[in-house]
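Please model the complete structure; the sequences and the hints are all you need to start from.
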Amino acid sequence: MKLTLHVWRQKSRDDKGRLEIIVANNVNSHMSFLEMLDVVNEELIAKGVDPIHFDHDCREGICGMCSMVINGVAHGHLKGTTVCQLHMRYFKDGDHIYIEPWRAKAFPILKDLVVDRSALDRIMQAGGFISVRTGGAPDGNAIPVPKDDAEKAMDAAACIGCGSCVAACPNASAMLFVAAKVSQFAYLPQGQVERENRVSAMVAQMDAEGFGSCTNHYECEAVCPKEIPVSMIAKMNREYARALKKQTLGEKAKVWAGA
Amino acid sequence: MKLDAKIPSGPLAEKWDKHIVDLKLINPANKRKYSVIVVGSGLAGASAAASLAELGYIVACFCYQDSPRRAHSISAQGGINAAKNYQNDGDSIYRLFYDTVKGGDFRAREANVYRLAQVSNAIIDQCVAQGVPFGREYGGLLGNRSFGGAQVSRTFYARGQTGQQLLLGAYSALSRQIGLGTVKMYNRSEMLDLVLVDGHAKGIVVRDMISGKISSHAADAVILATGGYANVFYLSTNAKGCNVTAIYRAHKKGALFANPCFTQIHPTCIPVSGDYQSKLTLMSESLRNDGRVWVPKNKGDKRNPNQIPENERDYYLERKYPAYGNLAPRDISSRSAKEACDAGHGVGETGFGVYLDFTDAFKRVGKGVIAERYGNLFEMYERITGEDPYSVPMRIYPAPHYTMGGLWVDYNLMSNVPGLHVLGEANYSDHGANRLGASALMQGLADGYFVIPYTIGDYLANHGKVKVNTDHAEFKKAESEAAERTKKLLSIKGKRSVDSIHKELGTVMWEYCGMGRNDAGLRKVLKRIPEIRDEFWKNVTVLATNEEINHSLEKAGRLADFLEFAELMCIDALDRQESCGGHFREEYQTPEGEAQRNDQDYCFVSCWEYKGPGAAPVMHREPLSFETIHLAQRSYK
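Those sequence lines, one after another, are chains A and B. So for the first sequence, the working numbering puts the first residue at -14; every next one is plus one. So for the second sequence, the working numbering puts the first residue at 83; every next one is plus one.
I should point out that these hints are in silico values taken from the structure, not numbers from a laboratory. Incorrect hints may appear among the rest.
[Unchecked claim] Covered by chain A, according to a simulated footprint, are these stretches of chain B (three or more residues, beta-carbon under 8 Å):
1. 122 to 136
2. 139 to 149
3. 251 to 261
4. 360 to 368
5. 620 to 628
[Said to hold, decoys possible] PhoX-like, lysine-lysine: derived pairs with alpha carbons at most 20 Å apart:
6. B:K575 / A:K32
7. B:K569 / B:K620
8. B:K569 / B:K559
9. A:K32 / B:K620
10. A:K32 / B:K577
11. A:K(-4) / B:K295
12. B:K570 / B:K295
[Unchecked claim] Reference listing, derived: stretches of chain A covered by chain B, where coverage requires no fewer than 3 residues with Cβ under 8 Å from a Cβ of chain B:
13. 37 to 47
14. 98 to 107
A quick note: this is a predicted structure, and the numbers were derived from the prediction, not measured. The C-beta atom is built at its ideal place from N, Cα and C for all residues, glycine as well.
See the structure below:
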């Protein structure tokens, strides 16, 4: 099939950027979306045009590196799917496809569709962990976890950190991402000790990075490739309220995080 | 060259404990005077970086992805082994050790493997404490499943995302240290060279993948945890960015490359669909617990699989290996699939595929239970192929997946270059000629959490006092060589894209140095590789500049190293005139078509020394002695 792509091209962080039209002539319905772009890039290279730059790595939907908005939807319209797992059989001959980068103040564009998501790492560094040193952990079976809680923790832990929740949110909020990590540990007995400090420190960093707040649009849940539900955000809000009550916000959490 | 593996004396079960006592210590207040570079942030790299920083060392960690959380360990699906014996089914440290040595077809070092089995239990404890959400039973205790090549249930899992969850555990420990300022993390940074000063590894040269800036980093020791080289085949289950550059550059600086021809072809991957294919996707082999592998008995039978009656199906693994059946080890399962397809029984459009059928499991436990066990894998299969595995059997075919070969290391995980330590898939030490399922995660974390924190102190205590900085002439030299190479790649301005040449290399490697190898084929490919390499240096095109994000330039640099490394791999495959594990030399097989080992002549590790451009590499042998387990022909019948 033949497609008309409208692709965001931007040479560098300081470039203004624009949508450019690129025609994809040799598309096969078994290709993945990224393989379609590979084929387009080979044609561009043959013409001496710098290929379209996009982040990708594992190409099996788990590393969270691929990131593009397709026809206005982060990761494209197929539910619960990263771009690398989206296949061309879901498009039709003659389609016009608009391909844009994640857009958020906290995710500066580096080149074409490649953005800087290091803000998400800094939120994790602020508190996305259980403070255990290597060695000295008790036997794995010394901490029984009800199966139901373990399953809920796993649902939350499935987050791949791709940032599509931010890209989809009109407020560029990262609350689904933060909530997933806060909830994972809040469901587990291992996470109880640092429960209040963790949510305080992570939320503080989230705000400092310039992410917006949740105003219940639920766009994040709709695009999340791992289908993490917005109920996690409610869980995080409860955790935050607990921390407020226990007065562990601010300075105390900072001391805990070593900041 | 004399290779000293530094294996401690004494009984096998006491070696590691004794060694820990013998290793020199650095007192807590002095640890902050020593710095360590860790390249790679997968299970081995992240766990090492976090653990060393917790001890007090100054750590710098580098990865090519935009975040350390994305390293390819994340893609491991099935699980991680440990000798906990929680199932009361007769498991023990000894049995895990035994299975690993036997599974590796007797080409791994006994002492290393025993230690691996010993520390396996502490890994599970550590990960549970970090909040890794392992699968559990209703009583709240940890669940286990059995995995290819094992007769006990010792595999711990987190749905089909075990690698992801273990990596996120290590990443959380690493993140904590980055937040505390004890680890300096460099994302989107690619190591281009290793720097030696007076024969010791003292730093690396890296390229910032955003600005193109090439810079030097010095430390008292260097750790490479940069994964495997299966992308030499172009199509593999590795992430697109996985490459051989870091370990190959170290090899060119003097590190011995051990058993480069030992590569693992994973039996359960989704078959290739066309030439645009960019990578292959693995379906966890845990599927073989419930799925039955078969092909039609009649050649070229193109009927819908559901219409092929039971008596016209060949469940070839169950027929050939009744004791293990569909759970036979990976090398054996892969080769059997190839044999069936080569004999004309293959299925799917290309004829390179076999069925993995869940019909019996649906009848036995119901579709709901199977969906609970493998739901995400079934979904992934449908997403990629457009076929519903609940109603039509899956089609699978083997694909390059893991590389057992890697840089040679001693018992302390140090290469023959003093100060250069190598962890995880990047070293060669624990899996011999074939890795068992759920053992890669175990080895990566064993190396990073529980081996290197002990052994690196010994090196630093003995040699860490000689301090160098990046003003040293060796750093300047390595920097300017790296810049020259980059300039060269940009100046060729030929007609071929990097990928087109990589595909060409991959095709001949898969054909002649893949699942089956023979003398004539290897000689042929050894003539072909230099021609492709020549074509690359004369006719590749890399557009744009160094001073920006430039994916073609990154790929070209990696391919340049693959094009040299591929030759070493084939030389090793040609030299090893026996079949063992993943290395199947067609000339050496039993009358039943099984791999025929030659313990008389090849019971050693092939350690290759780089001798300069154009010169033939020289092989050194590390003899393997089996004192505890008797050398025996593997039998899974």
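Outcome of the hint check:
Residues of the segment 122 to 136 of chain B with a Cβ under 8 Å from some Cβ of chain A number 4, which satisfies the need for three, so the listed coverage holds. Coverage of the segment 139 to 149 of chain B by chain A holds in this model, with 3 residues showing a Cβ closer than 8 Å to a Cβ of that chain against a need of three. Requiring three or more residues with a Cβ within less than 8 Å of a Cβ of chain A, the coverage given for the segment 251 to 261 of chain B holds, as 7 such residues are present. Coverage of the segment 360 to 368 of chain B by chain A holds in this model, with 4 residues showing a Cβ closer than 8 Å to a Cβ of that chain against a need of three.
For the segment 620 to 628 of chain B, the stated coverage by chain A holds: 3 residues have a C-beta nearer than 8 Å to a C-beta of that chain, and at least 3 were required. Straight-line distance between C-alpha atoms of K575 of chain B and K32 of chain A comes to about 12 Å, which keeps the hinted pair within the 20 Å bound. This hinted pair checks out: K569 of chain B and K620 of chain B have alpha carbons roughly 14 Å apart, not beyond 20 Å. Taking the CA atoms of K569 of chain B and K559 of chain B, the gap is near 15 Å; set against the 20 Å cutoff, the hint holds.
Of the supplied pair hints, the one linking K32 of chain A and K620 of chain B holds, its CA atoms being roughly 18 Å apart against a limit of 20 Å. Distance check on the hinted pair: K32 of chain A and K577 of chain B sit about 10 Å apart at the alpha-carbon level, within 20 Å; holds. Taken as a hint, the K(-4) of chain A and K295 of chain B pair is honoured in the structure, with Cα atoms around 17 Å apart against an allowance of 20 Å. Between K570 of chain B and K295 of chain B the alpha-carbon distance is near 16 Å, which keeps this suggested pair within the 20 Å criterion.
For the segment 37 to 47 of chain A, the stated coverage by chain B holds: 9 residues have a C-beta nearer than 8 Å to a C-beta of that chain, and at least 3 were required. Using a Cβ-Cβ cut-off of 8 Å, 6 residues of the segment 98 to 107 of chain A lie near chain B, which meets the minimum of three, so the contact claim holds.
Going through the hint list in order, the structure satisfies each hint without exception.
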